[in-house]
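> Protein chains in written order, with this note's numbering: chain A, 1 to 116; chain B, 117 to 589.
Incorrect hints may have been included.
[What the hints assert, rightly or not] Simulated pairs of lysine-lysine, PhoX-like, Cα-Cα distance not exceeding 25 Å:
#: 1; chain 1: B; residue 1: 213; chain 2: B; residue 2: 293
#: 2; chain 1: B; residue 1: 199; chain 2: A; residue 2: 105
#: 3; chain 1: B; residue 1: 260; chain 2: A; residue 2: 112
#: 4; chain 1: B; residue 1: 262; chain 2: B; residue 2: 207
#: 5; chain 1: A; residue 1: 112; chain 2: B; residue 2: 262
#: 6; chain 1: B; residue 1: 238; chain 2: B; residue 2: 274
#: 7; chain 1: A; residue 1: 111; chain 2: A; residue 2: 64
#: 8; chain 1: A; residue 1: 64; chain 2: B; residue 2: 257
#: 9; chain 1: B; residue 1: 199; chain 2: A; residue 2: 111
Keep in mind that the hints were calculated from the coordinates and are not lab data. Small disclaimer: the values here were computed from a predicted structure and weren't measured.
Listed below, chain by chain, are the residues.
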Amino acid sequence: MFSLTHQERKVLIFIGILILVGSILRILNLDTIKEDLSFDKNKPTISEGPDFNNPINVNQASSKDLESIPGIGEVIARRVVDYRNQFGSFEDLEDLKKVKGIGGKKIEAIKKLITF
Amino acid sequence: MKLFRFLNFFLFICFCLGIILGNFITSPFSFLIFSLIVLSFIYIFYRYHKFFLSDICILIFFFSLGALWHSSHPKLAIDKFIKKENRITLKVISLPKEGTSRNTLTAQVRKINSYPINLKVKVSDYTQSMEYLSYYQLEGKLVKRKYRGYSYYSLSIKKDANPQEVFLGAWARFAKKSSNYILNVFRQNCSSQGYRFLSGVFLGRKELLGQEREVFSNAGVSHLLAISGLHIGLTSLILFFLLRFLNVRFRASLIISLVFLYFYTFLTGVSFSTLRAVTMYSVFAFGFLLRRKINVLNSLALAGFIALLLDSSSLFAIGFQLSFISVFAIIVSFKIFDVKPVKITGLHYLKQIFFCSLFVTLFLTPLVSYYFGKIYILSIFYNVILIPFFTFILGVNFLLLILSPFRILAQSLGEVLSLLIFGFINLVQFLGSMKFSFISYGFSFNGIVIYYLTLGTIFAYFSLKNNKILTKT
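Chain B with its partners taken away, still in its complex shape (with noise of 0.2 Å):
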């Protein structure tokens, strides 16, 4: 038995399908009803030995699920709480950015009045006293902003509010301290502008990347910034075969290091992107440690589900379609087109970070376009030359980390990370300003449907193809 097959990937898109439905239509009821008959079918065909009627059944009690789930958000009550003075109890996820009356920054709401609600904000702190990875509750107006047509929400707090920080739990305290810790290791040995990227493309604080993020936008290899599968498959890997060298036991080694990637996912904030590497790759762990076959696809579409399940508005964010889009293209196309991963070495190494990059621009160019009006053409060829690059950075990194205790060692290791930090950047940005490095294009709603109904034609002849040939073999 393969291990999460019955969290079959069809079951996954019908309840992405299902929220998309729960977005227009907010009527919980009608859905929960709906539900509960689709249930009484299914039992009543399963009951009668009708399996295909029944699994069809199941299809469509995930569709009205996803709906369901949606449309009984409790964000669509966070509007009934705008404007008005509540007690808000809040966690800051952003190193404040310091001004000269108010630093600005961003923060997790966890509770309104006594309503457990999840809802980032962007803070105007004119206190000055809040600090990173803290909680707090206070007294505040939320107010919904609009901006290029995407809306956020504001939380402003004025000078006499006196934000009361909350007692913070052991597991909170110590990734608070930890961090801070990287941080000032960051800060007393690199440079400035290595401090910046470290902070964040280690720690997810983009906030304190200004023209950088520019610079990697221009070369249309932003994904480098945000902490994903390379960032979590390279901690993994790091700390693995450290715990290897030092003898401790191959199943040992795979425990702990899937507990330290719960730590790192807490530390940087639990993005789409990391949230999804965690999960593919605690599948890949228990499957070995149970000795059970992985079906990749339904690992992705196990991370999709936890996602949306935590919060199902996330569907229509475009870090979500973005990270999950570029994973199925990956395992699809090295699927059809039989690319397997023979050796991480040499040439083979760069030949699949060529695929990978090839497969995820097609998937994600209309994407991209649609939302930023860039098509990027080269980004595939940068990406060759720029993720090695990157690894050996982060690789540095860890040993910065490991040998910071070590005043000399790490000084000098600082210097030399310094100075690759220097070169990268340098590089994106001359990679950037080359001519044809981007097309100003932006794809409308129907032209992506085209697109992908053609891609996915492309794929079916293909997937068709290499089964004919497989059944004649």
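With the rest of the complex left out, here is chain A (with noise of 0.2 Å):
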């Protein structure tokens, strides 16, 4: 189809066939980052992403875990400390409300990962 000889036909072969092992080698190049991360538990973690399995508990929780709850900065989460020394614990997602910052979309957004 392509007017290719006999030679050029095997090394476009050839050529398919390296990237084929390439591509093998980067498969198993993925997989190793994988296991890596998931049995590295001594690496300093600041910040594993949603967790919707454990939810972090806003009366515990402190500022740097407070972080790792998407849509919560550095600054936010000093107010939801600051907050709850000031006035005690709190009791729903409303009273959580009451901090500067935390508005009903924020809330929307992070009510399945937080808990009280």
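Assembling the complex is the task here: the two chains are given apart, and the hints tell you how they should meet.
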């Protein structure tokens, strides 16, 4: 179809096989990364991202733990801790809304990631 | 035998389509199994001399390889490193922009912990100590951000992070020294505007260009700011003729210009357009040295293969698409409409620029409109005026670099160059401010498909017509 000679056709297949082997090595490398990350517990982790199975208790969490909730930065996390120290534990989501910077939209986004 | 004929353009297209599929279905194992099955079919058909079926299977094989290559891309694992403190090795690839409390720069991440990863990141350097083209190792937290629908990675380096400079190899040290020397020549001999412009167009340091970028964008000639085939062609030609002038043999001149070109590409940062231009130039040079005929379209495909094997996600980058489609447009249109590069002097030169510009605009309009919401109408004519002017500026720039050891000569040349650049930028500004320079209109995705189908049909019609005329004669 491409008017290729036998030699050219063989070269093409050889290049294809090289890419195939390269891809296999990349897949193996990807797996190593995943394994390493799942077993390396000593690595200092600042934020783990959203975890719906283990919601964060806003009445017990430290400022750093709160920062791991998407949408909560350093400033809001500090405000939450300050508010808790000043007025005591949060009872419900409405209570949390009293913190400056946390509104209805933010509550809606994080309500599955927190507990009281 | 034509050199690189085996890297057929259709295979490249199949590989690209595979990458698009791999972007939607990230299941490398299923693609791996599929590739192995297709490979066995190729063998069976080849063995029983069914070459047509074997070739079809080769096409499908490259399609599945594209999907496999992309779905096993290490970038897909980067999200595992996000928002965590990691040991990062990076190279600074832009001149740091100094602020009051931090410097902002672009860096290429080479390693995260011990894993080799190729990733461009925007860095906020609060230590204000990182230097252009240096390598550093540091503890940092990568964050994925979104801006106007595009996602990018950013890295913030705290004041107490203490980035450790990694010892550079001889090649990288030489590149850093050369780059700094050239920047110093521009800074010492040219005006501030000239320094920023030349750093941008000659060394690819576009971060120094501020308002100028908008001026070029309004006129629809932003491609002049990107280091592309024009720069590569001009650089190699000037060096080649200089060596010939010094009585160096033809073949030796070609090889030396090729080596210099690789160095220049390394110096400017390997962008898509540079990589494409250098690969194509190399194919031409090797073809000449080995006395082989060259298929231009296949050399473009080879450049595409190299770019996609290095980073398959570059297929989705605007720069990659614009660069490859524009060259494809020139090659195909010149062949179909039989525009032959007879001479590169006088009116012939302007005619060729006009046709290049016309065909490129024809092919790129829907894409540019889709991404930037503008259709440039007059840029076809602007190129005819601006490209010769720009080529002249680049030529004087080379002269400045060659004569830079002679202070007085360099300073007077710098003055001339600054004046030329001032005139050039003002001319672009004037052209960009003209009425109907561009129309604000954004193509939809369906619009793009319809446009390219229509364009393809028209070109296919002319191609068939030309073939018939050729067979009759």
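> The structure should be examined with respect to each hint, and the outcome stated for every one.
Hint check:
1. Among the hinted pairs, residue 213 (chain B) with residue 293 (chain B) is consistent with the structure: their alpha-carbon atoms are about 20 Å apart, no more than 25 Å.
2. Distance restraint check for residue 199 (chain B) and residue 105 (chain A): the Cα-Cα separation of roughly 23 Å lies within the 25 Å cut-off, and the hinted pair is therefore satisfied.
3. Among the hinted pairs, residue 260 (chain B) with residue 112 (chain A) is consistent with the structure: their alpha-carbon atoms are about 22 Å apart, no more than 25 Å.
4. Between the alpha carbons of residue 262 (chain B) and residue 207 (chain B) the distance comes to roughly 23 Å, so the proposed pair stays at or under 25 Å and holds.
5. For the suggested pair residue 112 (chain A) and residue 262 (chain B), the alpha carbons sit about 23 Å apart, so the restraint of at most 25 Å is met.
6. Taken as a hint, the residue 238 (chain B) and residue 274 (chain B) pair is honoured in the structure, with Cα atoms around 14 Å apart against an allowance of 25 Å.
7. Between residue 111 (chain A) and residue 64 (chain A), the direct Cα distance comes to roughly 18 Å. Compliance with the 25 Å bound is thereby established for this hinted pair.
8. At roughly 14 Å between alpha-carbon atoms, residue 64 (chain A) and residue 257 (chain B) fall within 25 Å of each other, so this suggested pair holds.
9. As the CA atoms of residue 199 (chain B) and residue 111 (chain A) are separated by approximately 21 Å, the hinted pair is consistent with the 25 Å bound.
When the structure is compared with the earlier hints, no violation turns up for any of them.
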